[in-house]
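Mapped onto the working numbering, the consecutive letters of the sequence shown carry residue numbers 1320 to 1563.
Simulated from the structure, these hints should not be mistaken for laboratory data.
Don't take every hint at face value.
Claimed, not checked - Quick list of in silico lysine to any residue cross-link-like pairs, SDA-like style, CA-CA up to 20 Å:
(1) Lys1380 to Ala1421
(2) Lys1380 to Asp1399
(3) Lys1531 to Ala1489
Predicted model only: the values in this text are computed from it and were never measured.
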Amino acid sequence: MRKSADDSAAKEESRDLGRRTALWGLAIVLMLALALRLYGLDWDDGFGWTPHPDERAIMFKVVELSFPSPSELSLLLDADESPWNPRWFPYGSFPIYVLKIAASLSEFLPGMEQGDPRIPGRAISALADVATVALVYALGAMIWSRRIGLLASALTAIAVIHIQLSHFFAVDTLMALLCFASVFFLVRVARSGRLSDSILAGLFLGLGLATKISVAPILAAYFVAHLIAAFGLVDSDDSRPMFF
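Could you build the full structure based on these sequences and the hints that come with them?
So, in structure tokens, the structure goes:
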């Protein structure tokens, strides 16, 4: 019985992609994803500042935020007086803070228009979605095989909705990245029960909740993953790769 299982595992491994082949394949997929998402970020040429209603609302709030002066540091946790309080919560505040910091840093780059967070925001959205493509591969390779992971990541790289949303700074691509990152580490928790994976899963889940409250159902997955690890319901000695 043991020999039969070993033979089956060997055949599965032989059908799977090699590590180097998977690495080159993923590199090609990520370059394609990056090109499709970064091309034409200034598609509106600043006309009307931005016609996308969610993007426009977020960017208006970003412009209104200000970094606290030394004398205002004590006000950061004061909801009424804090210059870091967006006073707008259809979404979480994490994407607003990320964009404010990125837009402020981008002002030091040549050719960037001061006070216009459109391009920095869309670049963040595009890069977040490319990272999601990489995580799709990682999950596929970890749960099934490198071949499946590469196929799934390639399909995500050319998915029209992903490409479209990467050309706006709404919360969708950032939320997707944080969800996939949470699930990736929760799978690792279920397999190994490592504290470091649990902490990282909780960190990404918390940032996801600070992006959009609809991430909340992953809290159930967080609980289940730890139950699986506690009761040893998954064999931790799995030959499938954690990434490559």
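message: Are any of the numbered hints broken by this structure? If so, which, sorted upward?
response: none
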